[in-house]
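**Q** What follows is the residue order along each chain.
Protein chains: 2
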Amino acid sequence: MDELPGTFGTSSSFALRLGQTVFSLASLFCMCSHVEFYSYTALCYLVTVMGLVVPWSLTLLMVDTYSIFIKCLPHQRRIILIIFLGDLVLSYLSLAAACSTASVIQLLQDAGGSFCPPNLKVCDGFGLSAAMAFLSWFFLSFSCLINFWVLPSM
Amino acid sequence: MDELPGTFGTSSSFALRLGQTVFSLASLFCMCSHVEFYSYTALCYLVTVMGLVVPWSLTLLMVDTYSIFIKCLPHQRRIILIIFLGDLVLSYLSLAAACSTASVIQLLQDAGGSFCPPNLKVCDGFGLSAAMAFLSWFFLSFSCLINFWVLPSM
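Top line first, the protein sequences correspond to chains A and E.
If you use UniProt numbering, the first sequence corresponds to residues 1 to 154, in order.
If you use UniProt numbering, the second sequence corresponds to residues 1 to 154, in order.
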């Protein structure tokens, strides 16, 4: 069961964590490159959540790297449980943030120029940020489900 | 493992399905009692998702009732897998719909009277609908996780 692709410490887990880190960093970058996000609660929420996902994914990415290239770490039930719970909470928060941002941007674009800031590229940047957050959520929930699948057999 | 509370066919699963059905029906009722929801994509999306959750939960509620009071149904891996996948998809959709609705309502309330319809009770009704959708998501994701926990041992 420990050989299941995507389990903590495997090369596919490394790939999933790399995806999470890259997409959450991209989402954060797209959002923070425009200061206007500060006016909307949903967009601030996305920045907060991605600010949590980045260190979480980065830490697990480093642990996976250590496990693959240097020394295979033992699989302890308690560690897998903590990773599963972290992934679960962050995946729900990411999905919530991505959906909130997407719906707010759609509403602002419908409302026209007076609400969406005059430079159209700003709204496009926010939309790209929401898309990156969705991709980050996808990888997070995948990691979460795989670790939960392994848990009962440990 | 079959005796785990919340597994398909147990009395706690019946309680979870009852919660899902009641809250999704309440969410649908709160939203549809005001025709203004039709103007916003996020609110239409909530109605669509709750329109999917209601028949799904109601069907499983009836199956659970049959299993408890009349005849204990056998646990087949394929059936549990289908129930898990249905719960997973609907729980993600519910969370997405609830978050989108909540963020849109918050934005409309911030924008003031010209966007949120003049009668304040309308916005309150939409907020209540989003809250009910959150509760429905909570029960759905709980059912989903329990069925996924049982799956590897079957």
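Derived from the structure by calculation, the hints contain no laboratory data.
Hints should not be assumed to be uniformly reliable.
FRET-style restraints, in silico, Cβ to Cβ [claimed, not checked]:
(1) ILE79(A) with SER11(E): 26 to 36 Å
(2) HIS75(E) with LEU81(A): 21 to 31 Å
(3) LEU73(E) with LYS121(A): 54 to 64 Å
(4) PHE69(E) with CYS44(A): 43 to 53 Å
(5) ILE82(E) with THR48(A): 30 to 40 Å
(6) PHE29(E) with LEU73(A): 47 to 57 Å
To be clear about the criterion: a stretch of chain A counts as covered by chain E if any three or more of its residues have a C-beta under 8 Å from a C-beta of chain E, and this derived list gives those stretches [as the list claims (entries may be wrong)]:
(7) 18-26
(8) 33-43
(9) 146-152
Cβ atoms here follow ideal geometry from the backbone N, Cα and C, with glycine treated the same way.
**Q** For each hint, tell me whether it holds in the structure or not.
**A** Now for the hints, and whether the structure bears them out:
1. ILE79(A) with SER11(E): 26 to 36 Å: Cβ of ILE79(A) to Cβ of SER11(E): about 34 Å, so the range 26 to 36 Å holds.
2. HIS75(E) with LEU81(A): 21 to 31 Å: 25 Å, holds
3. LEU73(E) with LYS121(A): 54 to 64 Å: For LYS121(A) against LEU73(E), whose Cβ atoms are near 57 Å apart, the range 54 to 64 Å holds.
4. PHE69(E) with CYS44(A): 43 to 53 Å: 50 Å, holds
5. ILE82(E) with THR48(A): 30 to 40 Å: Between ILE82(E) and THR48(A), where Cβ atoms are some 36 Å apart, the hint holds.
6. PHE29(E) with LEU73(A): 47 to 57 Å: 52 Å, holds
7. 18-26: violated (count 0)
8. 33-43: holds (count 3)
9. 146-152: holds (count 4)
Of the hints listed earlier, the one the structure fails to meet is number 7.
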